[in-house]
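Quick mapping for you: the protein sequence lines, in order, are chains Z and A.
For the first sequence, the numbering used here assigns the number 16 to the initial residue and increments by one for each residue that follows.
For the second sequence, the numbering used here assigns the number 191 to the initial residue and increments by one for each residue that follows.
Don't read these hints as lab results, they were simulated from the structure.
Among these hints, one or two may not hold up.
Said to hold, decoys possible - Taking lysine-lysine and the BS3-like style, the derived pairs with C-alpha atoms no more than 30 Å apart in a straight line are:
1. A:K281 x A:K207
2. A:K277 x A:K299
3. Z:K59 x Z:K74
4. A:K277 x A:K300
5. Z:K74 x Z:K143
6. A:K279 x A:K300
7. A:K375 x A:K356
8. A:K281 x A:K356
9. A:K207 x A:K277
10. Z:K102 x A:K293
11. A:K281 x Z:K61
12. Z:K143 x Z:K61
13. A:K300 x A:K221
14. Z:K102 x Z:K74
15. A:K356 x Z:K74
16. Z:K102 x A:K375
17. Z:K17 x A:K293
18. A:K221 x A:K207
19. A:K299 x A:K207
20. A:K281 x A:K299
21. Z:K102 x Z:K143
22. A:K279 x Z:K102
23. Z:K102 x A:K277
24. Z:K61 x Z:K102
25. A:K281 x A:K300
26. A:K281 x A:K293
27. A:K221 x A:K277
28. Z:K74 x A:K207
29. A:K221 x A:K281
30. A:K279 x A:K293
31. Z:K102 x A:K356
32. Z:K74 x A:K299
33. Z:K17 x A:K356
34. A:K279 x A:K299
35. Z:K17 x A:K281
36. Z:K102 x Z:K59
37. A:K293 x A:K277
38. A:K277 x A:K356
39. Z:K102 x A:K207
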Amino acid sequence: MKVVIMGCGRVGAQLAEQLDAAGHSVVILDMNSYSFRRLPPTYKGKAIVGNGIDMEALKRAGIESAEVFVAVTQGDNRNIMAAQIAKRMFNVPRVICRIYDPLRQELFQTMGLEAISPTTIFADLLRKRIES
Amino acid sequence: MYIIIIGGGRVGYYLSKALLNEGHEILLIEKNPAVCDTINDELGSVCLRGDGCEVSTLNEAGTSRADMLVAVTADDEDNLVACQLAKYKFKVPHTIARTRNPKNEELFKKLGIDVTISSTNIILEHITEEVPTHPVTHLMEIRDRGLEIVEVRIPADCPSVGRTIKDIILPTGSMLSLIVRKSQKPVVPTAATILMADDQIIAVTTSQTEEALRAALMGE
Numbered sequence: 016m017k018v019v020i021m022g023c024g025r026v027g028a029q030l031a032e033q034l035d036a037a038g039h040s041v042v043i044l045d046m047n048s049y050s051f052r053r054l055p056p057t058y059k060g061k062a063i064v065g066n067g068i069d070m071e072a073l074k075r076a077g078i079e080s081a082e083v084f085v086a087v088t089q090g091d092n093r094n095i096m097a098a099q100i101a102k103r104m105f106n107v108p109r110v111i112c113r114i115y116d117p118l119r120q121e122l123f124q125t126m127g128l129e130a131i132s133p134t135t136i137f138a139d140l141l142r143k144r145i146e147s
Numbered sequence: 191m192y193i194i195i196i197g198g199g200r201v202g203y204y205l206s207k208a209l210l211n212e213g214h215e216i217l218l219i220e221k222n223p224a225v226c227d228t229i230n231d232e233l234g235s236v237c238l239r240g241d242g243c244e245v246s247t248l249n250e251a252g253t254s255r256a257d258m259l260v261a262v263t264a265d266d267e268d269n270l271v272a273c274q275l276a277k278y279k280f281k282v283p284h285t286i287a288r289t290r291n292p293k294n295e296e297l298f299k300k301l302g303i304d305v306t307i308s309s310t311n312i313i314l315e316h317i318t319e320e321v322p323t324h325p326v327t328h329l330m331e332i333r334d335r336g337l338e339i340v341e342v343r344i345p346a347d348c349p350s351v352g353r354t355i356k357d358i359i360l361p362t363g364s365m366l367s368l369i370v371r372k373s374q375k376p377v378v379p380t381a382a383t384i385l386m387a388d389d390q391i392i393a394v395t396t397s398q399t400e401e402a403l404r405a406a407l408m409g410e
């Protein structure tokens, strides 16, 4: 599968590493080339410097032929915007984004985005551990 | 009207001031507490400190009774999300977003924002209106021979429209190679060819004679 990941933080880099090791074609995008230090030397995919809410940068990352787009930058709004660009402007079949804010996650989920809130997931996990 | 403005920068500040003067009820939402204090000192208590992309802030601002929400922060993504929250969560009838990147206008429209304003596009439109497009376009340069291949457009109101090529005195070193016409095949100009409005003439010239060629073709 061809996957474009926006944001080379801990999550983005780890996801890129795993997908690459599993044999998928991965392109990771970040505004700062220093972030690519998180990629292991064995990573065979592409790493591109660019702003993921800029359509030109997404094209350079090959979004037009991507099957999956993942938005995992630190900014909720950037992830929301990039995910909507991927979905509505480039018709990427599968688009997933991270939204820390549970309220925003809820709204954009109902609007058709596949959105994950790590805040909700982690709070639930902690609660379950405490109560068990 | 009750208008909520997101972003207390220069645009947000002057917009609030102007709308207050027109008698509207204004609430400005700004993250930076120092900016908030300054605005409240100058314009009265119109500024709420908070993030205009957070549902709790928008609740506090009474967004569900707002007639309009205008997002003018410096970041396109924040303006988009603030307007989408206003529109889809709080059912605000009119949403206006500012964009920095002119290419985002189309996207914002697709995503339901009622009006998108790109200052870059507005300035560009004014430039095109004020300054008519330069009639000579450089297509190619043959550097080692000192030659240039240019395109000259003949405007409809140009005095040379209707003249034959032989009546046009070209500067030495210039040559007309092709005329491209709307809904016609391109023609190789001969002495008898008559110039028409909207003709695109492909010509070979030198950088020294380029201006003389333009003047000759324009009938100046």
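Hey, K279 (chain A) versus K102 (chain Z), does the alpha-carbon distance stay inside 30 Å? Measuring from Cα to Cα gives roughly 21 Å; hence the hint holds.
Pair hint K300 (chain A) and K221 (chain A), alpha-carbon separation not exceeding 30 Å: holds, 28 Å
Satisfaction of hint between K375 (chain A) and K102 (chain Z), Cα-Cα up to 30 Å: Since the Cα atoms of K102 (chain Z) and K375 (chain A) sit roughly 42 Å apart, the hinted pair is violated (cutoff 30 Å).
Check whether the Cα positions of K277 (chain A) and K300 (chain A) lie no farther apart than 30 Å. holds, 13 Å
Check the hint pairing K102 (chain Z) with K293 (chain A) against an upper bound of 30 Å on the C-alpha distance. The hint holds at about 16 Å.
Restraint status (C-alpha distance of K279 (chain A) to K300 (chain A) at most 30 Å): holds, 18 Å
Does K207 (chain A) sit within 30 Å of K281 (chain A), going by the straight-line distance between their CA atoms? Judged against 30 Å, a Cα distance of about 25 Å means the pair holds.
Is the hinted pair K281 (chain A) and K356 (chain A) satisfied, with a Cα-Cα distance of at most 30 Å? violated, 68 Å
Run the distance test for K74 (chain Z) versus K143 (chain Z): straight-line Cα separation, threshold 30 Å. violated, 43 Å
What's the verdict on K293 (chain A) and K277 (chain A), does the C-alpha distance respect the 30 Å limit or exceed it? holds, 22 Å
Would you check the hint for K356 (chain A) and K74 (chain Z), treating anything up to 30 Å between C-alpha atoms as holding? violated, 50 Å
Within 30 Å, alpha carbon to alpha carbon, are K143 (chain Z) and K61 (chain Z)? violated, 39 Å
Violated hints, listed in ascending order, are 5, 8, 11, 12, 15, 16, 21, 28, 31, 33, 35, 38 and 39; each of the other numbered hints is respected by the structure.
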